[in-house]
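Participant: The hints should help you fit chain B onto chain A, whose structure is shown.
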Amino acid sequence: MKKLLFSTLSLVMVFFAGGCGDFDLTDSAESKGNEKITIKIAWWGEKPRHDYTLEVIELFEEKYPTINVEPIYSNWDDYWKRLAPMAAGNQLPDIVQMDMLYLKTYSENYLLEDLTPYVDQNLIKTDSISEAILSGGKIDEHLYGFPLGLNAPAIIVDQNLLSSGADNKPNANWTWSDFEKIALQVHKEKGIYGTNGMKSPDVFFSYFLRTKGMNLYNKTGTGLGYEDDQLFIDYFDMQIRLLDKGAFPRADVTEQIKGIEDELLVKQQSAMQWVYSNQYIGFLQATNRQLELLPPPGPGQDAGLSVKPSMLFSMSKSSKHKEAAAQFINFVINDIEANKVIKGERGVPISTKVVQKIEKDLSPAQKKVFDYVNEVKNTNKKVDKADPLGSNEVVKLLQDVSEQILFKKITPAEGAQLFRSEATTILSNNN
Amino acid sequence: MNTRVIKENIQADITITPVSKRSRIIKENLTGYAFISPFIIGFLAFTFIPILASLYLSFTNYNLFASPTWIGLDNYIQMFTADPRYWKSLKVTLIYVLGGVPLRLAFALLIALMLNTASRAVGLYRSLFYLPSLIGGSVAVAIMWRNVFGDVGIVNILLDVLGIPSVRWFGNPTAALWMLIFLSVWQFGSSMLIFLAGLKGIPKSYYEAASVDGANGIQKFFKITLPMLSPVILFNTVMQTIAAFMTFVPAFIISKGTGGPLDGTLLYSLYLFIQGFEFFNMGYASAMAWIMLIIVGILTAIIFTTSKYWVHYESEGGR
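Heads up: the sequence lines are chains A and B, in that order.
For the first sequence, the working numbering begins at 1 and goes up steadily by one.
For the second sequence, the working numbering begins at 432 and goes up steadily by one.
If you are wondering where the hints come from, they were derived from the structure by calculation, not from laboratory data.
A virtual CB, placed ideally from N, CA and C, is assigned to each residue, including glycine.
Please note that the accuracy of each hint is not assured.
On the chain A side, residues computed to face chain B include the following (Cβ under 7 Å) [as the list claims (entries may be wrong)]:
| hint | residue |
| --- | --- |
| 1 | Tyr79 |
| 2 | Ala84 |
| 3 | Asp252 |
Quick list of the computed label-pair ranges, beta carbon to beta carbon [said to hold, decoys possible]:
| hint | chain 1 | residue 1 | chain 2 | residue 2 | range |
| --- | --- | --- | --- | --- | --- |
| 4 | A | Asn429 | B | Ile633 | 35 to 45 Å |
| 5 | B | Ile585 | A | Ser177 | 22 to 32 Å |
| 6 | B | Leu559 | A | Arg82 | 34 to 44 Å |
| 7 | B | Thr478 | A | Lys353 | 53 to 63 Å |
| 8 | B | Leu589 | A | Asp51 | 32 to 42 Å |
| 9 | A | Thr424 | B | Ser661 | 20 to 30 Å |
| 10 | A | Lys267 | B | Lys739 | 54 to 64 Å |
| 11 | A | Arg82 | B | Thr500 | 18 to 28 Å |
| 12 | B | Pro596 | A | Ser177 | 34 to 44 Å |
Bound-form chain A, shown alone:
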């Protein structure tokens, strides 16, 4: 039955991709003026994001009474599984929330609309947005995704769970050996983990590589961006050392984490949590405790830390109401009231005007994220570009390999080799 189901699906897809692609009903409703049109918008996230986004949609519908917005949302994993069949059937929602991991896959298959004309027509206003940040959503001069906010890797620290003693506290200029020492100290004194599982490995291993002047992918995306496997080995050896002493959670512990409420830091079972900076807002809500936001350890933080579009809004090529979709994107990017509701949960807003206007409404804790991202942005002008084709498969591979290492099925050295050979195959097949 299952096989039949899949083959049926692929057939249906062939039909849609082949047959329906040519139907063009563009603007049939918009041209009639008063009639209400409907645009669909899809995003991933957890419950807090769903709640406030629905609020933003209401604000938008008040301002644009002729546009009706239909939301489609789910968590990260399910989101991409739902989006793929929709894309294959040429049925993508008008606006899709996009990630740097998938931007190339979707744009190179002609599924996304270049947003440049809408920016030129001032439908999406960019007067207080820097060109450098906007370029994060570009692929070869085509703006396929509009960045919604900025992010940088960071560590959340719960000071109350750290061990006492001044030299046991992390500071902005700490090193990997400080990190290791502090994690061990926490475990020794409090009997909890020093850190969380440093997931997802691609994010923080990439950071580690950048501090050494390397990258996860090479410039053309055809292979890995580092030559020396010793870097991989060093990175995971550190985790194994902490694991052996009980300061790092075992893989079967992290396997149980299903949502933010299960995170070790939230359950006070870990003093440090590796995150993307925008997640700090969610952790504040989930813990209701005082939390610090710090850069990950160095040396090489200046090179290692760079801002990245936390997520983007893309417009689907198949959209029948592109103008309305552009208006919605503009609303989320530039509307002050909307951003007062969003509060930077999708990353620090890219419009400097919006940041100025909403900053005074933020709590001191929420403001920490804005300051942190600002500092990173000022130190390192580079904005991350979209990941190469096949990177979603490479990320999955790295997750598998790191799981095998942490389950002690293979050594870091074996893992380094396995990762290199398979990742190279994937990347060279795709690019």
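Facilitator: Only chain B this time, still in chain A's reference frame:
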């Protein structure tokens, strides 16, 4: 006069009959086809043509979005020579099938035997035991199963009470797979109903004769019940093996779509799904589907060939 009219009528009948009969047959056939046309059309459009399409796709590089490009046998070659995860998923699936199906059938037979003893409440019990299968493959059950086997779930609490150390069901690849097998065993209802029907079909006189000859319960079970039930066992084995091979939902939900931990629950269908819809290798996924069809075909053939040694057909005089 009367006879003439009758004769003419008969004559008329004789001349008309061949034509009208043929047209009637054609008409009847057409009506028949019209009645089954929903199935025929549905079968062609949603089963047969898609199967052919997937055969074609299996020889292509197809990423769901762009049009497929012909690459010959590359997908199959990669599957067998360069994809360790493929072999891993095949191994996991075989353990799941070979471990799960016999356990499930044994369990179903056991319950069927218990229900076969006359009791006033037998209807109620039958419904109750069938219940898990009704809600069987659903998402809700798989989610419930996650909680039942959680670190502080009811299974670990029971193990604790019995003095057995608790198991991290999600943290250990083997334990996670057995958790899936238990889930499949628990959904024994449909096989049980078929067994029950089979049991009802065994003539009481055989047991009476055996009792007269002094046979005990165990002898009766092995000498009468099992042989008489063997055609039903064959049917159940074949159906359950095929179904087990295609299991998807529980593995998908319980591992959150990853097949983890350490690919321990990476059933074949799940890996196929991941390749097709997560990695966008729909050509490769189609090739996997065809290999699965072949494997299931071979397994079924093996079961049928061996069946002549252990299946007892009443109509063939006990041969």
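Participant: If I claimed the Cβ atoms of Thr478 of chain B and Lys353 of chain A lie 53 to 63 Å apart, would that claim hold in this structure?
Facilitator: 58 Å, holds
Participant: Would the stated hint for Tyr79 of chain A survive a check requiring a Cβ distance to chain B of less than 7 Å?
Facilitator: 11 Å, violated
Participant: Please check whether Thr424 of chain A and Ser661 of chain B have a Cβ separation lying inside 20 to 30 Å.
Facilitator: Cβ of Thr424 of chain A to Cβ of Ser661 of chain B: about 54 Å, so the range 20 to 30 Å is violated.
Participant: Regarding Ile585 of chain B and Ser177 of chain A, is the given constraint of 22 to 32 Å on their beta-carbon distance met?
Facilitator: 45 Å, violated
Participant: With a cut-off of 7 Å on the beta carbons, see whether Ala84 of chain A makes it to chain B.
Facilitator: 5 Å, holds
Participant: Has the hinted range 32 to 42 Å been met by the Cβ atoms of Leu589 of chain B and Asp51 of chain A?
Facilitator: 38 Å, holds
Participant: Should the interface hint for Asp252 of chain A be scored as holding, given a Cβ-Cβ cut-off of 7 Å against chain B?
Facilitator: It holds, given that the least Cβ distance between Asp252 of chain A and chain B is near 2 Å, below 7 Å.
Participant: Evaluate the given range 34 to 44 Å for the C-beta pair formed by Leu559 of chain B and Arg82 of chain A.
Facilitator: Since the Cβ atoms of Leu559 of chain B and Arg82 of chain A sit about 36 Å apart, the hinted range of 34 to 44 Å holds.
Participant: Is the gap between the beta carbons of Asn429 of chain A and Ile633 of chain B within 35 to 45 Å?
Facilitator: Roughly 59 Å apart at Cβ, these two residues miss the hinted range, so it is violated.
Participant: Evaluate the given range 18 to 28 Å for the C-beta pair formed by Arg82 of chain A and Thr500 of chain B.
Facilitator: Taking Cβ atoms as reference, Arg82 of chain A and Thr500 of chain B lie about 26 Å apart, which means the hint holds.
Participant: Do the beta carbons of Pro596 of chain B and Ser177 of chain A sit within 34 to 44 Å of each other?
Facilitator: Since Pro596 of chain B and Ser177 of chain A have Cβ atoms about 37 Å apart, the given range 34 to 44 Å holds.
Participant: For the range 54 to 64 Å, tell me whether the beta carbons of Lys267 of chain A and Lys739 of chain B fit it or not.
Facilitator: 60 Å, holds
Violated hints for the displayed structure, listed by number in ascending order: 1, 4, 5 and 9.
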